[in-house]
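Protein chains in written order, with the numbering used here: chain A, 7 to 383; chain B, 7 to 383; chain C, 7 to 383.
Honestly, the hints are just simulated from the structure, not real lab data.
Please note that a few of the clues may not be correct.
Because identical chains share one entry, a pair is satisfied inside a single copy or across any pair of copies.
Claimed, not checked - With a cut-off of at most 25 angstroms between alpha-carbon atoms, the simulated SDA-like pairs for lysine to any residue come out as follows:
(1) K133 to M227
(2) K146 to R30
(3) K257 to P214
(4) K177 to P261
(5) K146 to G104
(6) K177 to P234
(7) K133 to G229
(8) K162 to R30
(9) K192 to E310
(10) K133 to N362
(11) K177 to Y277
(12) K177 to L188
(13) K162 to G354
(14) K162 to P359
Please read these numbers as outputs of a predicted model, since none were measured by experiment.
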Amino acid sequence: MNQATVIDGVDVSTPAPGHVLPPRAFTSPAVYAAEMERIFGRSWVHVADLPRLREPGDFVAATIGTTPVVVVRGHDGEVRGFLNACRHRGATLAEGQGNCGRQLRCPYHAWSYELDGRQAGAPNMEKVEGFDMADYPLNKVHAEVWDGHVFINLSKNPIPFSQHLAGMDRKFASWGMADLKLVERKVYHLDCNWKLIFQNYSECLHCPIAHPLLNQHSHYMSGDNEPPQPTYLGGRMDLRPGVETLSMDGKSSVPRLPGVSDEDARHVYYYAILPNFLLNLHPDFMLTFQLWPQAVDRTDVICEWHYHPDAIARADFDPSGSIAFWDLTNQQDWELSDRAQEGIGNLGYQPGPYSNREELLLGLDNWVQEKLEGQRG
Amino acid sequence: MNQATVIDGVDVSTPAPGHVLPPRAFTSPAVYAAEMERIFGRSWVHVADLPRLREPGDFVAATIGTTPVVVVRGHDGEVRGFLNACRHRGATLAEGQGNCGRQLRCPYHAWSYELDGRQAGAPNMEKVEGFDMADYPLNKVHAEVWDGHVFINLSKNPIPFSQHLAGMDRKFASWGMADLKLVERKVYHLDCNWKLIFQNYSECLHCPIAHPLLNQHSHYMSGDNEPPQPTYLGGRMDLRPGVETLSMDGKSSVPRLPGVSDEDARHVYYYAILPNFLLNLHPDFMLTFQLWPQAVDRTDVICEWHYHPDAIARADFDPSGSIAFWDLTNQQDWELSDRAQEGIGNLGYQPGPYSNREELLLGLDNWVQEKLEGQRG
Amino acid sequence: MNQATVIDGVDVSTPAPGHVLPPRAFTSPAVYAAEMERIFGRSWVHVADLPRLREPGDFVAATIGTTPVVVVRGHDGEVRGFLNACRHRGATLAEGQGNCGRQLRCPYHAWSYELDGRQAGAPNMEKVEGFDMADYPLNKVHAEVWDGHVFINLSKNPIPFSQHLAGMDRKFASWGMADLKLVERKVYHLDCNWKLIFQNYSECLHCPIAHPLLNQHSHYMSGDNEPPQPTYLGGRMDLRPGVETLSMDGKSSVPRLPGVSDEDARHVYYYAILPNFLLNLHPDFMLTFQLWPQAVDRTDVICEWHYHPDAIARADFDPSGSIAFWDLTNQQDWELSDRAQEGIGNLGYQPGPYSNREELLLGLDNWVQEKLEGQRG
Chain A
7 MNQATVIDGV
17 DVSTPAPGHV
27 LPPRAFTSPA
37 VYAAEMERIF
47 GRSWVHVADL
57 PRLREPGDFV
67 AATIGTTPVV
77 VVRGHDGEVR
87 GFLNACRHRG
97 ATLAEGQGNC
107 GRQLRCPYHA
117 WSYELDGRQA
127 GAPNMEKVEG
137 FDMADYPLNK
147 VHAEVWDGHV
157 FINLSKNPIP
167 FSQHLAGMDR
177 KFASWGMADL
187 KLVERKVYHL
197 DCNWKLIFQN
207 YSECLHCPIA
217 HPLLNQHSHY
227 MSGDNEPPQP
237 TYLGGRMDLR
247 PGVETLSMDG
257 KSSVPRLPGV
267 SDEDARHVYY
277 YAILPNFLLN
287 LHPDFMLTFQ
297 LWPQAVDRTD
307 VICEWHYHPD
317 AIARADFDPS
327 GSIAFWDLTN
337 QQDWELSDRA
347 QEGIGNLGYQ
357 PGPYSNREEL
367 LLGLDNWVQE
377 KLEGQRG
Chain B
7 MNQATVIDGV
17 DVSTPAPGHV
27 LPPRAFTSPA
37 VYAAEMERIF
47 GRSWVHVADL
57 PRLREPGDFV
67 AATIGTTPVV
77 VVRGHDGEVR
87 GFLNACRHRG
97 ATLAEGQGNC
107 GRQLRCPYHA
117 WSYELDGRQA
127 GAPNMEKVEG
137 FDMADYPLNK
147 VHAEVWDGHV
157 FINLSKNPIP
167 FSQHLAGMDR
177 KFASWGMADL
187 KLVERKVYHL
197 DCNWKLIFQN
207 YSECLHCPIA
217 HPLLNQHSHY
227 MSGDNEPPQP
237 TYLGGRMDLR
247 PGVETLSMDG
257 KSSVPRLPGV
267 SDEDARHVYY
277 YAILPNFLLN
287 LHPDFMLTFQ
297 LWPQAVDRTD
307 VICEWHYHPD
317 AIARADFDPS
327 GSIAFWDLTN
337 QQDWELSDRA
347 QEGIGNLGYQ
357 PGPYSNREEL
367 LLGLDNWVQE
377 KLEGQRG
Chain C
7 MNQATVIDGV
17 DVSTPAPGHV
27 LPPRAFTSPA
37 VYAAEMERIF
47 GRSWVHVADL
57 PRLREPGDFV
67 AATIGTTPVV
77 VVRGHDGEVR
87 GFLNACRHRG
97 ATLAEGQGNC
107 GRQLRCPYHA
117 WSYELDGRQA
127 GAPNMEKVEG
137 FDMADYPLNK
147 VHAEVWDGHV
157 FINLSKNPIP
167 FSQHLAGMDR
177 KFASWGMADL
187 KLVERKVYHL
197 DCNWKLIFQN
207 YSECLHCPIA
217 HPLLNQHSHY
227 MSGDNEPPQP
237 TYLGGRMDLR
247 PGVETLSMDG
257 KSSVPRLPGV
267 SDEDARHVYY
277 YAILPNFLLN
287 LHPDFMLTFQ
297 LWPQAVDRTD
307 VICEWHYHPD
317 AIARADFDPS
327 GSIAFWDLTN
337 QQDWELSDRA
347 QEGIGNLGYQ
357 PGPYSNREEL
367 LLGLDNWVQE
377 KLEGQRG
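Only chain A is shown next, with the shape it has when bound in the complex (with noise of 0.2 angstroms):
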């Protein structure tokens, strides 16, 4: 049933027609190590938000798999990627977020490194024959900012950024996302293959039955999707008439962004942009999912909640109803994600058919086929 085609020992098999791809696609060591590598090592991946670098010196620090890296905002204000790993002994430079000051230095031997990478200091390198601080500059790898959001790419050629955006560069240019400001982060730890968020995320067929309120705001059959994208996944759902955003009671302690449509405030947008980037536009707040596979069936989850500054300095601003609404929904939906893991690594799964309404699936297993098989930047 399956034309198996076996790269570097993985078999990258493509699946039935119109069917969810084969077990093995989420239960083997194998092929999780071949997306490590092809996938995450190779494409653009949301690290941070821009707020968070705003002065020189401010960074974040992120692990791709198990490669750590730091953004981090030079003193010309242009914002830079690194591999987190000095290049002595190679310690990591910097972990969290905060600011570094003039230099990055390093914790252990004081190595140091101006903002764009040169090295400023190596102490007691001095006697070393041959030793030059021009030789061992940070290693770069490839950041971009799309209206906040950091993205980094670890491939030393990576597809052009604005290729990656495909067009979605201006589309979201009315919320002003580069403008909101971090309220509330979550961390959740799922025991399932990240492909499996992505799928939970792409279709809400099973809104109706796992998730009664937010089909209670927002009529599961609502949405408008746009036709699969090479990078990106995304569409739009209604809010129902009376709704305003999607909280607990279906209110807004704030106004909508400011520069969101009457017709904009009707919707809440959901776009996935592989391989590891949730973005949810509500009429007054930005929610957005970063996704950083553990394991082949271990994943760990990101969400944050981002308002306009005026709304936050506002008296009565309390997104406590949109925060309780969404850790609420995600509870929901990792608890799904967490049980087809389990069901599709017993030994009997054969993977079923797609209904026309998972049309976004689909179009995530091509992606992911077509990396593995290296036919895609």
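Since the structure of chain A is provided, determine the placement of chains B and C on it from the hints.
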């Protein structure tokens, strides 16, 4: 000293005559994987007790290796077993135990199944060309009931259940096992291979050293074993004069089970039914153990205490003495099993010789060897 | 840049001259397995201190990789080492430390062993044809004592212990190490390869950055290293004027050790004895570290503080300042070692160059390489 037999890369060498299995039987992930496939994947495995499956829709879920299964009582009274994975995207249909109502319904997208496995509903699949619900029933697994004990077999062509019972089916009829009700349940997490638990169970030479209280109630040399059978190992031991049952003080708060004879009331029966069920029959209650291997060196054990409904209904019913007795005895056994795992895992362990009171262990070893070599069903 | 040498599938390539070992030395499970076999399985490993083995029957158990061992003092006063596994069914004979009485007796079936390893009893084996207790002594491992430190070697033909000590045996005689008593013990769980702990220990260039208090008591450039030895790396550092010992305030509550000279009282000696023992000698106490690798990226460290019995007996004895000082310093070092593991594990880390104050690290690297290549005992 050993004759090497390698099947699919798994060395299943015959151990030296009269000696413990070689260390790799307890430490090799490859041997463990072979056991999960050839033993747990092809044997009759105990998954539930009938009292939990009284009404139509009553179900019990379990996981054999990584394969989730569910047994459910149908509207026709039949108990059936299924792979616990939706035919759509694989989510488990049921967790733990309970009553599913008229149908098994997937919590993800509400695909539903009759209790006999036929698909009853597949929302949103109407427009998918060629889709026919008849093509997507739940995957059935063989299920059989023996006197209250529900077993399933993942093999497509299992050995007949009667052959598995091998004459044991009437042996314990007088205890009326199907009538008993669960009173207590304890789950233990052991750091040892599943076979070490069977080994520990199958001889009482360790009793005077490890279980002084047990030995005080039931002399360790009073055991009378049946010759090892193809699928079970067992025997009985005498209660010392004045001891009514195995409890902290040797007393029972309840009359013996209705069908138990004067003769049987002086014994405790111990049967290891391969590969995952241990059955201890006392004059007044039944103790059961399910073994659930988690890894080559980790096993979960579920221990349950079952009493007669008439006993449970008595004002003076008090099972605490027997619960405490077996919890204590279990903990003593688990520590020894874990210590055996530790010592066997070392670089220099050479399998030791069995005594002639450890004949059941040889029977177990032979059974495992034959299963791995595929010479028996 | 590296010359590849592959032995039994393990690449033990020589690193670039003057550079850190390649990443796989710290991240490859195969290299770790080779190290456990060829280094920890064939080297003299520190397992105990003599004060715990004063009386016949006193024992200490430890686990080297996955191999449990036990050292025990015999009735003849001799300290011997054995595989800690009963010759019957493999259970460990002893756990932790204590006194086993006249014999080592298995807690499972009471097989017993004289303290010299001969089997003393095997209950219920009388009727087993051909069974002879003389055939089942405990498996001996080589054990040697150096001035209070007990080492064992799992190899059948270890290098002579005197060759391992390589002239170090009298070097610290004046501290009277065998007389000291344990006062405090802390166990640390690190998320790094064992070699990174040796590397961290073997240079003090990081001290002014990571250990401001240590550097305040003992100048980081005051170190005077011996040339790297085949089996140990070490040197000494000066205490600054007015500093009596390494403690929070640089003061000691007790007199210096009886044999310590005026000259030695101005120093702290630091010796790394490969592959698992670190020895810090202060004027008034001995600090020891045992390294117990658990996985390629996890190591347990046991740190112990030892004082002279006369000091302990004093009314004003107060080791808390030195315990706090080293606990603080340890935590600082462990964080750096863990960060090095994190950075080295990334996809792009290239081994960096050593300074000429990191010559001991090169010595360690060479020792590891030679062991893996089998060119040295």
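Could you figure out if K177 and P234 sit no more than 25 angstroms apart (CA to CA) within one copy, between two copies, both or neither? within (15 angstroms within a copy, 64 angstroms between copies)
Up to 25 angstroms between alpha-carbons, please classify K257 paired with P214: within, between, both or neither. within (20 angstroms within a copy, 56 angstroms between copies)
Intra- versus inter-subunit Cα pairing at 25 angstroms for K162 with G354: The answer is between: 11 angstroms across copies meets 25 angstroms, while 41 angstroms in one copy does not.
Could you place K162 and P359 in one of the four classes (within, between, both, neither) given a Cα distance threshold of 25 angstroms? between (38 angstroms within a copy, 24 angstroms between copies)
Is it within, between, both, or neither for K133 and M227, if the alpha carbons may be no more than 25 angstroms apart? Result: close only across copies, 15 angstroms inter versus 71 angstroms intra.
At most 25 angstroms between CA atoms: does that hold for K177 and Y277 within a copy, between copies, both, or neither? within (11 angstroms within a copy, 64 angstroms between copies)
Check K192 against E310 for me: Cα-Cα at most 25 angstroms, and say if that holds within a copy, between copies, both or neither. Result: close within a single copy only, 6 angstroms intra versus 39 angstroms inter.
At most 25 angstroms between CA atoms: does that hold for K177 and L188 within a copy, between copies, both, or neither? within (21 angstroms within a copy, 61 angstroms between copies)
Pop the pair K162 and R30 into one bin, within, between, both or neither, using alpha-carbon distances up to 25 angstroms. Only across copies: K162 and R30 sit 22 angstroms apart there, 29 angstroms inside one copy, limit 25 angstroms.
For K177 vs P261, is the C-alpha pair at or below 25 angstroms within one copy, between two copies, both, or neither? within (21 angstroms within a copy, 76 angstroms between copies)
Have a look at K146 and G104 and pick one of within, between, both or neither, based on CA distance no larger than 25 angstroms. within (20 angstroms within a copy, 56 angstroms between copies)
Classify it for me, K133 with N362: is the Cα-Cα distance of at most 25 angstroms met within a copy, between copies, both or neither? Answer is between; shortest inter-copy Cα gap is 7 angstroms, intra-copy 69 angstroms.
Checked against the numbered hints above, the structure violates none of them.
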